[in-house]
Amino acid sequence: MDESRRSGPAAGLPRLPLALLRRLLPHAEREEVLTDLAAEHAERVGRHGVAAARAWLWMQVAGSVPALVRRSWWRGRTGFEPASSRMRPGGPGLESWIMDARYAVRRLRTRPAYALLAVVTLALGVGGTAAVWGIARGLLVAPLPYAREGELVAFWNPFDWSQAEFAHLRPDFPGFRRVAMYRTTGVILAAGDEAPRVVPAVSSSAELLEVLGTRPLVGRGFQPGDDASGAEPAAVLSYGLWRELGGDPGIVGRRLRLNGVERTVTGVMPEGFWFPDPSVRVWLTFALDPEDGSGNYALVGRLAPGRTVAGMGDALRRITASLGERFRYPEQWDKTKNASLVPLREYLVGEVRPALLATLAAMAVILLIACANVAALMLGQVDGRAAELAVRTALGAGRRRLLQQLVAEALLVGVVAGGAGAALAAGAFRLLVGALPLGALAAGAALDWTVFWAAMAIALAAALAVTVVPAASLWRGDLRGALGRQRTAGIGGRGGRVEGALVVAEVALAVMMAAGAALLVRSVAKLRAVDPGVATRGVAVLEVAMPADETPARHLQTVRELEAGLAAVPGVRAVGAAKRLPLRGGGDNWGIRVEGRPELASSTTYLRLVSPDYLRVMGVRLLAGRGFEAGDVGRAEPPVVVNRALARKYFPGLDPLGRRIAYADAWMRIVGVVDDVAEGKLTDPAAPAAYVLFGGVPYLPPAVALVLRVAPGREPAAVLEAARQRIRRVAPGAAVQQATTMTQVFAEAIGPARQLMSLLALLAGLALVLGAVGVYGVISHYVSRRGREWGIRMALGLRPARVLGHVVGRGGALVAAGAAIGVIGFLGLARLLSTFLYGVGTADPLALGAAAGGLLLVGVVAALVPARRAASTDPAVVLRET
Amino acid sequence: MSAAAPLGAFEEQVLLAVVRTSAEAYGMSVRRELEEVTGRDVAIGAVYATLDRLEAKGLVASRRAELAGQSRRLFALTGAGGRALAETRAMRDRLWRGVDLAGLLSGGIP
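Taken in sequence, the protein lines are chains A and B. Note that this note's numbering has the first sequence beginning at 22, numbered continuously upward. Note that this note's numbering has the second sequence beginning at 925, numbered continuously upward.
So that you can see chain B by itself, here it is in the shape it has in the complex (with noise of 0.2 Å):
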């Protein structure tokens, strides 16, 4: 739907959260994943407010159903959200090659 916006940083992160918890992908656990993976203490808010923006941009969607007995807002990839994920990917890919990480890392510029 949108594909010609590229995703931002934090955009790309908690879609990718989506992603790895997968059938049990709502706000807090979404937020928990980010926090165990990146070590940053993410708020709540802002990935109430960045699942929100993704599914208006039709990224994710959300559905509403029970889990474990509590009514929760479980959100999903969408077949948009997958393709942006993977130009995201191809973009940061084009943009790495010829890179040299260990020339880098060495210190200095060649």
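In isolation and in its complexed conformation, chain A is listed as follows (with noise of 0.2 Å):
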């Protein structure tokens, strides 16, 4: 081929074609079939021109390539090798690739553990990691559907302005372009003959369409005046509730009866469209209240032109300025005071980053371990194979052939794993989006293609690199020495140090996955713990959103209805009901005045409405006084019954019992005292908070939650279908939003935490079983590496025990060495989990003890079994064979 090269084409031959078929061409015919074709040409230029002569080479080169690349196919397929070509044998890249692939195929046929072993052990790895990151890629990377979100932020506070703030803001937001308001909700909607259903839906200022910039797919959005009052209330439905509804691009100008409302559908929004998550499906605006000064709502704005988040303090001081001047804040939540700007992706998605990023991580570990035992297991292979590549470089091979070979049979494995990760991951992908703590963003991960080629991807990345490994062993080892070894029994064979290298890492990864996991387990043991003051066995929950077109006297009866019709459901002892159950992240703060104390400051409480039963029902301990009476309703001086926060908060070494508290200008007396509940979150301080019947303050909920307390011995689950059935026939205008149990809204409580673990420890099993078996591997090959020299040893007065025990202490000391730079790796990454722990610090002792000793354990089980293989070696086989 080099000669070729010197004596080079002639002046005035076209190069490209000729270059484009020595690519193509066995070596043994690339001189004379390139030097045939010149010599030809050059005839040709003589007879027929330059012009034909060159349309004739590229004919001859167009002919020939089809020709000889289903040859090359061919040659590789069959090894065939003309006689001709003895002395110069091989042929283009592609045929010994072929060759290459081929015998790769043969290979791992007739070691079909091994094949399976790399396969599976990498598959999983691969599928795992697609799979997470196509969850996260979807909701981390990918864009949110709204225009220039760069620009987008939300504010302080959110779900605490008033209208009557946002009304006096409205005409001059300085710094932005535009700013809405708006909070989520559940509208019950009725279509047709189906039973009220309740949907998520968003309740916003006519800005908020126009803020995010997304056009309607059909229709409108909204426009200005949409939320005066007195003006037709007006509904974007989302895609996926427009196509629930049949599809139909005329729906735009129906009505459409929500909470008992007549709404003209104005627009539905484009497929792949969410605000303020992907549960939402549909967007309305009200008639806003200037006065109404009640804070439920969040702000979302558009920056103006070339301003950035960093840039908008100024801004800020203004818009406190001016809320400063029109409002008196408690010191407690004064919103001057802690002005701040969001970008919205942050606010949206940021609080399921950690969680995501923490999968993602773990994954990757995964994916890292698997890859250091396919590579190990090659090393093992290259090893093994020792005799026959010394053979081979003996007759000739060049060591880069027998690399091609090696990185042949990984992408050979690499496909393989790819595609099944892929099918794992697609598998997977539903699982895990439900076993991640992801919210209502949880509709938004979708499947796609872009999983499968990230498998694909991964894997064929992860198998290249994987032969690294054996390929420096490779080019490293004296293979002519190898002959020799072979013959000598062995001794003095390489110790293995890469391998050693590879199960140190992977024990190390392995460790540090388990610690996570173990610390999750010990905050969600102690999460479990926490004492939530109410029953969570044996309570159903139903959570029914309220007919909204009812007078308030028709409001309570319905209540009380409901209540009695539940009652005779069988299986049911009592009933209660309240218009938010604990547990459930709090909210419903009321402003308390204390009789006889003006010259507290302005504070508010919680305040629970509940039916007289409801206590009861939930297992609230009593402290002192009494609980509610079915008298109690109606009375003109309402009772209350506060808990013990409350008590020792506004009557602190007092008998609150029979003092007077007010909220919302109704008086009431205080008849018992209760023990603290978990109003808010399972792990916050307890907060004051008031029981008060329903009636007891002007105020209908728009839904409220029914408690029942079912027989004992019977699931609580069990009731809940006989307890929908009565609640259609009892109240046709109620929709049930949820129906639960409180041992499920306890568990949901317990937060991500509770999810996040169960997938950590879920991969650290994976990663544990994955460490063991390439203990086993590493340890496997070592002994049969010194098999011979120990067969010798023993022959010569070596106990077995002595053996066992070298093995054994070999495979532990990896271990050990791995677990410790697991431990520290381990405190290095922790903080990615912090979000997730209660009561237990990252450099939880117990947990990383665990971990440690949990991985040595099965190391050297691991070990223990080509241990007692080698233990067992008969000298007398041994010494025949040398």
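Read the hints as simulated data drawn from the structure, not as lab findings. Each residue gets a CB set at the ideal place from its N, CA and C atoms; glycine is no exception. You may find that some hints are simply not true.
[Said to hold, decoys possible] In silico negatives: residues of chain B with every beta carbon more than 10 Å from chain A:
1. P930
2. G932
3. E935
4. E936
5. V943
6. R944
7. E948
8. G951
9. Q994
10. G1003
11. R1007
12. R1018
13. R1021
14. L1025
[Said to hold, decoys possible] Where chain A lies over chain B, by a calculated footprint (3+ residues, C-beta under 8 Å):
15. 956-970
16. 976-987
Two chains, each in its own frame: build the complex with the hints.
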């Protein structure tokens, strides 16, 4: 091939076609064919002219390429080498690759255990990583469905803004192009003959869709004046809801009954649009009341052109100054003090980021472990083939050629693992979405082809990375020496240092994973042990959206009828109702006044609207006085039951019984004190709360939670269906929002740590198994390398127990080193988990110790199997072989 | 060796071209012979691919030799190759037997 380069193509000869042909010709034929073509070309130039000769040459190449590609394929497949090429065998790259691929297939087929282990190991890592990446990409990387999302920001104190504040600022939001106010809610949708159902909705000012900058698919969004009092209420549907309602573009202008109010559908948003989370299905305007001071809304704005979040300091100062002039704020939630803006992306998906990143990191660790395992496996294969490779080298095979074969084998494993991994990712995708603490954002995670391509790319990259280790061993290794060693019983063979390092790394990674899982297990155990102050067993829960078009008296009556109706459901002992359940994140703060203490700074407590039986059904402990009685309903001076925290805060050292407090100007007398209940989050400190009967304050809850105490020994979940049907009969205009149990409510209150724990525990188990396989493989290989040496030494009197001890000791030392590195590594990475921990530090010795100890145990057991094999070597057999 | 497999049309042509160029049968000379006799421009790659296949079937043999100062892969017909050509021709003759060429050329099938 060098000669031809020297002679080179004659002047005037097109180079490109010949270079192309050259790549497809076997070594032995190159020179001849290219020279002949050049000669014929020159002849044709003389006969027919340059252009014709050139055209002929191109035609020759064009006609030859398909035939030569087919021949390369055929030669690679059959291994055919003509007799004339014996002195210079070998062909174009394609041919040798095909030969290597075929050889790899044959090799893998004759070693099914190795092939299966490598493929399955890699597929697990690849599939998991691809699936989590698919979810993370959708939520963290993919653009939000809004125009120029970089300009969008969320205001401080979300869901604490009032209509009055918004109305005051609305004419001029300095630094903003436009600002909208919104809150999430649920509306009862009654369409056709179906049972009314609750649909997650957003209730907003007319600016919302303009701020987000997304055009509706059909019809129009909101327009200024849609939220003026007396204006026609507008509704914009999500693509999904529109499809459910028939997908008719003519829906615009039609009327839809939402919360008992006829609304005109003005538009439909495009597919893929969501705000503020993918569960919301309809966006509504409402008549703004500039006098309403209750804080329920969040603000979202689009910055004026040229503005950045960092450069909004002056604008925020003007906004807070304007708020401070108009409103008086109590000290603890002064909106003028903590003004800040958060980029909308961070505000909407920031909360799921730590969990996603922790999972992605965990999956990547699994992938690394898998790679280390496969690398060790391949290294073992290369060592096991030392003699074969040495023979091939002696016969003239270049190292490059041997490497190419290795790479072909790895790529083959990679392609198969990629396919299997992609299938795994697709199968586990929904499962994973459910296992991750994504909340409402889970609806936005969708499986698509990018996951498949990701799996393939990751698998191939991993396969290539994996070859680096055996390739380096091949490159360095003295292959000719291997032939000699083969005869001298392997004494003095390499120490398997690379393999050892791989296992140490693998164990370190597995320890990190196990430590993370152990920390979460400890956190969740501590969270489970928290006493929420209410019964978590034997209580069924039905959250019901009330008919919106009822008079106050009728509304109260409906609640009573629901209670009575549900009490008659078989298996139900008692029924209570409340505006809001504990453990659901708080809310419903009301300003409190205490009789005789006008000097008390204005402050608020939780106010819980309940039915007389609620406290009893929920198992709230009574500390003093009495609970509610049926006769309390409608009393001129409503009774109130307060919790311990309220009594301690407002009546320190006094007996609160018989004293009077007021909410919303309704004075009531304290008749009882109950124990604190986890009103907000499970881990919140006790907060003052007062229980008032429905109707005690002038407020009609749009939804109530009905709690059903079931008979002892009955599953609360078992009565839910009958309860649903009863509700439909008793109150046809009401809609069941959610049917669940207090056990479930409590489990959800434990929060994302619970879901992440299950996932990490699963992955840690996987890491443990993979680590054990790695230890087993490497120690097995070590034993087989040293087997003859031990056989001889045992023949000379070495006791088998010493061999056993030596082998297990070696395995143990590797695992111990890995465990130590893993613990140190974990301490560096534990920050990722800190947001999920409760009651344990990231350096919890128990969790770290358990993780390291567990791996040590598994590692020693994995080493014990080959160790026993080594100890039971029969010296006679070894001596005969030698 | 593989007398059972009948020769393809192009295989037959290449084999005959090898015979016709006898002592000087190499890739380009075979290609040139085919072009001169058939009047079709044949791609050199196709010739080599076919020669490879024929050699794998044992119908031609190749060896490396010097020819006019150039190292060449020279092809020669094997005994099996000769038999295959003879069989192919015999088969064709059998097929032609009883076919009235004059009638075909005058248009229309009798």
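Going down the list of hints, with the structure as the test:
no.: 1; hint: P930; in the structure: holds, 19 Å
no.: 2; hint: G932; in the structure: holds, 13 Å
no.: 3; hint: E935; in the structure: holds, 13 Å
no.: 4; hint: E936; in the structure: holds, 17 Å
no.: 5; hint: V943; in the structure: holds, 18 Å
no.: 6; hint: R944; in the structure: holds, 18 Å
no.: 7; hint: E948; in the structure: holds, 12 Å
no.: 8; hint: G951; in the structure: violated, 6 Å
no.: 9; hint: Q994; in the structure: violated, 7 Å
no.: 10; hint: G1003; in the structure: holds, 16 Å
no.: 11; hint: R1007; in the structure: holds, 20 Å
no.: 12; hint: R1018; in the structure: holds, 31 Å
no.: 13; hint: R1021; in the structure: holds, 35 Å
no.: 14; hint: L1025; in the structure: holds, 33 Å
no.: 15; hint: 956-970; in the structure: holds (count 7)
no.: 16; hint: 976-987; in the structure: holds (count 7)
Checked against the numbered hints above, the structure breaks hints 8, 9 and satisfies the rest.
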